[in-house]
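Enquirer: Residue-level listing of the chains:
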Amino acid sequence: MLAASITACGDDDSDGGSGGGAKTLTYWASNQGSSLDFDKQTLQPELDKFEQQTGIKVNVEVVPWSDLLNRLLAAATSGKGPDVVNIGNTWSASLQATGAFVPFDDATIGAVGGKDRFVPAALAAAGAPGQPPTAVPLYSLAYALYYNKKMFTDAGIAAPPTTWEELVTVGKKLTKANQWGLAVEGANISENSHHAFAFGQQWGGEWFDASGKPTFDTPQNVAAVKRYIDLMAVDKIVNPSNAEYAQNQSVSDFANGKAAMLLWQAAGSAFKAQGMAPDAYGVAPVPFPATTPAGGKKVNSMVAGINIAVFKHTKDKDAALQFVKFMTSDAEQVQLNKTYGSLPSVTTVASDAAFQAEEQKVLAQVLATSAAPLPQVAEESKFETLVGTAMKELFADAASGKAVTEGAVKEKLSNAQQQMGS
Amino acid sequence: MVTTTTAPEQARPSAPKRTGRKAPSRLPRSKLPYLLLVPAILLELLVHVVPMVVGVWMSLLELTQFQIRDWSAAPFVGLDNYKATLDINGPVGKDLLDSFRVTVLYTTLSVGLSWLFGLFAGVFLQRPFRGRAVLRTIFLTPYALPVYAAVITWTFIFQRDTGLLNEVLTTTGLADDRPFWLIGGNSFWALLVVSVWRSWPFAFLCIMAGLQNVPTEMYEAAAIDGAGFWRRLKDVTLPMLRPVNQVLILVLFLWTFNDFNTPFVLFGGSAPEQADLISIHIYRSSFITWNFGQGSAMSVALLLFLLLVTAVYLLVTNRRRDPA
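Here the protein sequences come in this chain order: C and Y.
By our numbering, the letter at position 238 of the first sequence is numbered 238, and the numbering carries on one by one without gaps.
By our numbering, the letter at position 278 of the second sequence is numbered 278, and the numbering carries on one by one without gaps.
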């Protein structure tokens, strides 16, 4: 009885092997749209197309972000699970280190259209340098500054800020009763860590040195993190309540007119879902410091995005690669990225009419010129957790009126760094 | 003075004495009983013992993302994970100790309050009156609700700007400023409230069941002897509830100490320092930071601690009972 139930579990995941009949793949998709259901409805017609073309049936499950990493780990550990999966590109190197995914060496990447097909910056965020990536980019994203056009006009502000100093000045003008200059997602750990990275780059900091050792508490990183927290703590252009935001409440605040600015990646579709018209907001690149600090880089976003990967345990690698090729084909790239408001990960369709809206143009420009991948080291996810948590605590301090000094920031970052060492 | 103090002891002999099992000399001749036990033992092994042994084994390995696919490749590090975990001067050990302190305080308060609420509600509803069934049902609702749905509702209540709690506090003038409940120092109290809200109905249920076994004559006798409410509670109810309480408090303690759902839903994967319960702490140390060996070492240490507490508790409470 026991044995029967165990094999039943196993079969569940790998019904592709069901003797000789139609081929079947299992695909875990990440949540890109406004709901799991929306994604399922978006993907299903495309999967039907794929089945028509190749005879391969794809069973899709849309996995929420909160579960995806744990589910991937469980699948990697057990050697059971889906054939093809979406992964957040910041996990690339960590997941690559598990050795559970098919490496896209020259031959393999050739099978899905070749290396040159993909946007270089996006491909750089698919694994550690010097090794074949274990995923290829699927949807590309970048951070941008979203601003409420009407609030800007009402306050007599002509153009979106291009430096942090300007952002603070206009933020103060825009902060008044029931309205704040900027919304942040203060208790969202990965959001925090993404900002830590971009600010760090601008202030000349690195979170890992060349040998992959953590360098969290350097003066540059301390200054960078402090600059971000100070938007709430010192400049008071962020509602202290944002310190407890972790479920995209900052997006809601912006869409509902409670905040005038927001730093987010491809937020257009989320605004739309909340009833904000596309002409109500403008999109600009994320600001830089007015004078570049020593060693500072011209980086204002991470290369954000979703990659698609194939598990080594798949029973039918060829079918899985065919599916990856299909998902990264021109037609699907246009169709899916258009729906999700993200950018194509292949160069061939960049000029498509679907990506000429203001938002997409800004994001594409940022990706092409001033975005850098998060450190592609196996311990990247630890960095996100530890630094993101430290910043959450700093926001909590700022919100409750405690002074966030340089020393306090350094202490939190040192503590986070020590926990990396174990 | 009054003689009611001995009432429980007098009552005890009237309870049916165990007639004892068939004489131990008649050992089972056939192996049938053992055979019948085999499925249960196998399942027990599969469900409890094997995962526990695997957990202990994991705690002796350096198990990170590099090795999870093939555990046999994970280097054996002996007690290194424990050294890092239990070294209270190191960063990992210090955080674990902080989390441990928070958890002990949280568990003590939560179990104590849940038990008190359960006791008083149980005593209050002991005598039949109109509407008793309705009250019982209402009291048990939190226990019947799915954890996630219930705790998510609490997160809405605790939100600073839009939460019900702050709305009430500010409109009634109890607070000038809207305090935070989900971050900072208040998060501990928010967690405690939710925990008590969730677990007191269980205490209530057990105590209510225990009270069914208290003969009404004892209360009558106590009343005739002039015992008031508190005296009856202290000298009749509590002694009669002792066996129930012994198990109830132990179970509540273990559940609360290990509670993962409440803080996880309330705070997400990373709880504020002030409410960093040990279960969440271990989750963060293994799953989120991919250090499974260390997470296992913490889990094993926790298991040993809970075993120790349980053993001491049972020893002490049983010894106290024995002389009676």
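It is possible that part of the hints are untrue.
Said to hold, decoys possible - Straight-line C-alpha distance at most 27 Å; calculated BS3-like pairs for lysine-lysine: (1) C:Lys49 with C:Lys315; (2) Y:Lys94 with C:Lys402; (3) C:Lys410 with Y:Lys94; (4) C:Lys213 with Y:Lys83.
What the hints assert, rightly or not - Now the stretches of chain Y that chain C is said to cover, found in silico as 3 or more residues with beta-carbon under 8 Å: (5) 159-173; (6) 242-249; (7) 285-291.
No wet-lab data here; the hints were simulated from the structure.
Virtual Cβ for every residue (Gly too), placed ideally from N, Cα, C.
Enquirer: Check each numbered hint from earlier against the structure, then list the numbers of those it violates in ascending order.
Expert: Hint 6 alone not satisfied by this model.
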